[in-house]
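Asker: Kindly produce the complete structure, drawing on both the sequences and the hints.
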Amino acid sequence: MSNRLFGPLDPAPDAGWQDAPARKGFLTDTSICIGCKACEVACKEWNAIPEDGLSLLGSSYDNTGSLGASTWRHVAFIEQPMASTRATRPSVPVDLGMPSVGLRDAPQDPTSEQATSAQATDAQATDAQATTGKADFRWLMSSDVCKHCTHAACLDVCPTGSLFRTEFGTVVVQDDICNGCGYCVPACPFGVIERRTDDAARVDGSGLRTIVNKVKRVDKVPEKRVRDKNVGIAQKCTLCYDRLSAGNTPACAQACPTQSIQFGDVDELRERAQVRMEQLHAQGVPEARLYGADPGDGIGGAGAMFLLLDEPEVYGLPPDPVVTTKDLAAMWRKAGLAALAMLGGAAVSFLGGRS
Amino acid sequence: MSNPGEAETTYGRWPDDDRGRGRRRRDVQAAAARGLRRGREQLNELAERADRVDRGGYGFAGRQGRGRGDKGEGGERAVVPEATFTSYYGRPVVKASPWKADIPAYFFFGGVAAGSSLLGAGADLTDRPALRRVGRLGALAGISLSMGVLIHDLGRPSRFLNMQRVMKPTSPMSVGTWILSLYGPLAGLAAVSELVELSRYLPRALRGPARLLASAARPAGLAAALTAPAVASYTAVLLSDTATPTWHDAYPHLPFFFVGSAAAAAGGLAMIAAPVGEAGPGRRMGIGGVLAEFVVDQRMEAAMGLTAEPLHDGKAGLYLRIAKTLNVIGLAGAVLLGRRSRTASVISGSALLAGSACTRFGIFEAGQQSARDPKYTVVPQRERLDAREGTKG
Ligand code: SF4
Ligand code: SF4
Numbered sequence: 059m060s061n062r063l064f065g066p067l068d069p070a071p072d073a074g075w076q077d078a079p080a081r082k083g084f085l086t087d088t089s090i091c092i093g094c095k096a097c098e099v100a101c102k103e104w105n106a107i108p109e110d111g112l113s114l115l116g117s118s119y120d121n122t123g124s125l126g127a128s129t130w131r132h133v134a135f136i137e138q139p140m141a142s143t144r145a146t147r148p149s150v151p152v153d154l155g156m157p158s159v160g161l162r163d164a165p166q167d168p169t170s171e172q173a174t175s176a177q178a179t180d181a182q183a184t185d186a187q188a189t190t191g192k193a194d195f196r197w198l199m200s201s202d203v204c205k206h207c208t209h210a211a212c213l214d215v216c217p218t219g220s221l222f223r224t225e226f227g228t229v230v231v232q233d234d235i236c237n238g239c240g241y242c243v244p245a246c247p248f249g250v251i252e253r254r255t256d257d258a259a260r261v262d263g264s265g266l267r268t269i270v271n272k273v274k275r276v277d278k279v280p281e282k283r284v285r286d287k288n289v290g291i292a293q294k295c296t297l298c299y300d301r302l303s304a305g306n307t308p309a310c311a312q313a314c315p316t317q318s319i320q321f322g323d324v325d326e327l328r329e330r331a332q333v334r335m336e337q338l339h340a341q342g343v344p345e346a347r348l349y350g351a352d353p354g355d356g357i358g359g360a361g362a363m364f365l366l367l368d369e370p371e372v373y374g375l376p377p378d379p380v381v382t383t384k385d386l387a388a389m390w391r392k393a394g395l396a397a398l399a400m401l402g403g404a405a406v407s408f409l410g411g412r413s
Numbered sequence: 335m336s337n338p339g340e341a342e343t344t345y346g347r348w349p350d351d352d353r354g355r356g357r358r359r360r361d362v363q364a365a366a367a368r369g370l371r372r373g374r375e376q377l378n379e380l381a382e383r384a385d386r387v388d389r390g391g392y393g394f395a396g397r398q399g400r401g402r403g404d405k406g407e408g409g410e411r412a413v414v415p416e417a418t419f420t421s422y423y424g425r426p427v428v429k430a431s432p433w434k435a436d437i438p439a440y441f442f443f444g445g446v447a448a449g450s451s452l453l454g455a456g457a458d459l460t461d462r463p464a465l466r467r468v469g470r471l472g473a474l475a476g477i478s479l480s481m482g483v484l485i486h487d488l489g490r491p492s493r494f495l496n497m498q499r500v501m502k503p504t505s506p507m508s509v510g511t512w513i514l515s516l517y518g519p520l521a522g523l524a525a526v527s528e529l530v531e532l533s534r535y536l537p538r539a540l541r542g543p544a545r546l547l548a549s550a551a552r553p554a555g556l557a558a559a560l561t562a563p564a565v566a567s568y569t570a571v572l573l574s575d576t577a578t579p580t581w582h583d584a585y586p587h588l589p590f591f592f593v594g595s596a597a598a599a600a601g602g603l604a605m606i607a608a609p610v611g612e613a614g615p616g617r618r619m620g621i622g623g624v625l626a627e628f629v630v631d632q633r634m635e636a637a638m639g640l641t642a643e644p645l646h647d648g649k650a651g652l653y654l655r656i657a658k659t660l661n662v663i664g665l666a667g668a669v670l671l672g673r674r675s676r677t678a679s680v681i682s683g684s685a686l687l688a689g690s691a692c693t694r695f696g697i698f699e700a701g702q703q704s705a706r707d708p709k710y711t712v713v714p715q716r717e718r719l720d721a722r723e724g725t726k727g
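Quick mapping for you: the protein sequence lines, in order, are chains A and B.
Under our numbering, the first residue of the first sequence carries the number 59, and numbering increases by one thereafter.
Under our numbering, the first residue of the second sequence carries the number 335, and numbering increases by one thereafter.
Hint data in this document are derived by calculation from the structure and do not stem from the laboratory.
Among the hints, erroneous ones may be present.
[What the hints assert, rightly or not] Calculated from the model, a selection of chain A residues having no Cβ within reach of chain B, i.e. all distances over 10 angstroms:
#1 G65
#2 A78
#3 D325
#4 R334
#5 D352
#6 P353
[To be verified] Taking lysine-lysine and the DSSO-like style, the derived pairs with C-alpha atoms no more than 27 angstroms apart in a straight line are:
#7 B:K502 x B:K434
#8 A:K384 x B:K502
#9 B:K649 x B:K434
#10 B:K658 x B:K434
#11 A:K287 x B:K434
#12 A:K287 x A:K102
[To be verified] What the simulated footprint calls covered on chain A by chain B, stretch by stretch (three residues with Cβ under 8 angstroms from a Cβ of chain B suffice, anywhere in the stretch; the number is not a length):
#13 87 to 95
#14 124 to 136
#15 231 to 240
#16 289 to 300
#17 401 to 407
Glycine is no exception: its CB is placed at the ideal position from the N, C-alpha and C atoms.
Answerer: Here you go:
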């Protein structure tokens, strides 16, 4: 019998859907991502996600930080001096004829470093048709999202049944059922799902809404703490379940101007990913690799897969994620043995004298 | 990688942009300044982390490093080379649970309840009325507090009963809730009959129901004792069935560790509350629990490797060191003096109780720490992957 907690399978029929449509998912091709964050914005807009902090994080152009309760798409920015990347790369990114300066020769002055970074984007790794010259710097950008795992730990551990498998094979929280137990949060091997906290929806802090209110001179009105209806509840990407149900494309994929985010049937996306990777390899980008596209991996393959240009951990992704419930049967066995041991131990305590 | 100091000057410019006039502009600037201050704090933190990079402890985005650091830059300086690895600005890969002190407290109270039920039932069968009373009442108190903190921990406590919508063997929390809803009423029934017995002057009308209760007490207490060990051990699965490195890697041993801790706590409670003459089984249970904890702890850490590290670091390390000290005190007291002196019995019993609480908080914190540091997620996975790719050729 196939182990339903591990290994390849088609999740929607496995969850009991009859005549389920083909499994839907994303392919995020980071080789053509330009870091515009249109996906982040479109997702926030469509799903009415509250503001979650306006901090400068000091990590390139990434001031979003990570996926979370109020961030369902997150664009990662990695500024990479080529000296520090793996030596497996025979050809380095090439100059497109843009005025770009090699970092090594550049004066170490902050403004020029930034300028260099901005231009280096254009010289991103994939432009094989490019001209001559070498840059020793590259920028990696990747729009991260919930993987909609074939074996989703978040769903497995949810005690209320709030998290469920849709007919599209995706994983969605029912916000009217979740009681905010928080179990799904540490269960996810990718750190995607999170319980929404009160201050994510604050109106009394330094959030955008406060500024807007002040600008509108509504600050004389006593501040009412508007509670987001999903405060205390686990939140994550739904793969736009509402849009899918109406036959539409998810907001992020629709908004992506470069088709870095592609939406479609998972089977087809897997093939497309393979073709694209081979194409990149042929064009002299040997570091192109697929992530989450193998149904034999630790989560049974992701519904949302990626084409990356460096190792997963560079992007903040776990290099070899395994669904925690793979070991659940063993855990229950151990717990059963421990319980028996305790029962036995207690019995032994009552042997012997009366003192 | 941008130097934090430089970034500060770069970012420092934008509030000067002309974004509005008069009051509006001042407001925007004030908000921007706040944002900037926060940004600066974060940059400082970043600078600290960058420092650690230089010591070879952390890899940043784009930095490369492999394995347990034997090839790492930190090799010459540190006696034990630190793991080097790559991460995204040192940020966590998995999320730490949103749980607060409620959850370790829940484990502790649940453990006290489970062990107490066992003692209560045993005392009932072996005719030790005082120990029986302590066991049954301790079980009720423990399980009530345990349920209380569990509900308090929820993001939406009013929806607690949604736990009972489904029964999911893949969710230890679901299984646990069902175990508790089986165990709770049984333990409660046994305890209430003790309370009734304590109040000797019942109005005539209540005497009938009281007799009925008293006759249900023994079967209820015995049934509670049979389910109690599950209450104590399932909590280990609850922690292990996550992507939190230290909790997950501890899974083969954690249930044994937890039942040991539960036994120690309940034994401690019996030593405090039952007269020395009847507390013998409690004492032996406490001693056994602590010894089991010591043995299991050794094996657990040996089997875990890198992810055992958080058990010794930071807050978790402190909790667990205190727990060990208390356990040793409690153990010594129970073995040497527990039989002779009530005072010594109370003191060592308290040490065992407190030791168990510290153990739970320590294990809980260790997991949280392991989730916050990407090292514990990335390094073992990278090693696994490299090994697999190595064998593939
Ligand atoms: S990535 Fe995490 S949140 Fe998304 S389906 Fe997988 S386990 Fe669940
Ligand atoms: S927080 Fe909500 S969605 Fe997550 S496991 Fe608990 S009940 Fe399920």
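Asker: Work down the list of hints and note, for each, if the structure agrees.
Answerer: The hints, checked one at a time:
| no. | hint | verdict |
| --- | --- | --- |
| 1 | G65 | holds (15 angstroms) |
| 2 | A78 | holds (20 angstroms) |
| 3 | D325 | holds (25 angstroms) |
| 4 | R334 | holds (22 angstroms) |
| 5 | D352 | holds (12 angstroms) |
| 6 | P353 | holds (16 angstroms) |
| 7 | B:K502 x B:K434 | holds (24 angstroms) |
| 8 | A:K384 x B:K502 | holds (15 angstroms) |
| 9 | B:K649 x B:K434 | holds (14 angstroms) |
| 10 | B:K658 x B:K434 | holds (22 angstroms) |
| 11 | A:K287 x B:K434 | holds (22 angstroms) |
| 12 | A:K287 x A:K102 | holds (16 angstroms) |
| 13 | 87 to 95 | violated (count 0) |
| 14 | 124 to 136 | holds (count 4) |
| 15 | 231 to 240 | holds (count 6) |
| 16 | 289 to 300 | holds (count 4) |
| 17 | 401 to 407 | holds (count 6) |
This entry does not satisfy hint 13, going by the numbered hints stated previously; all others are met.
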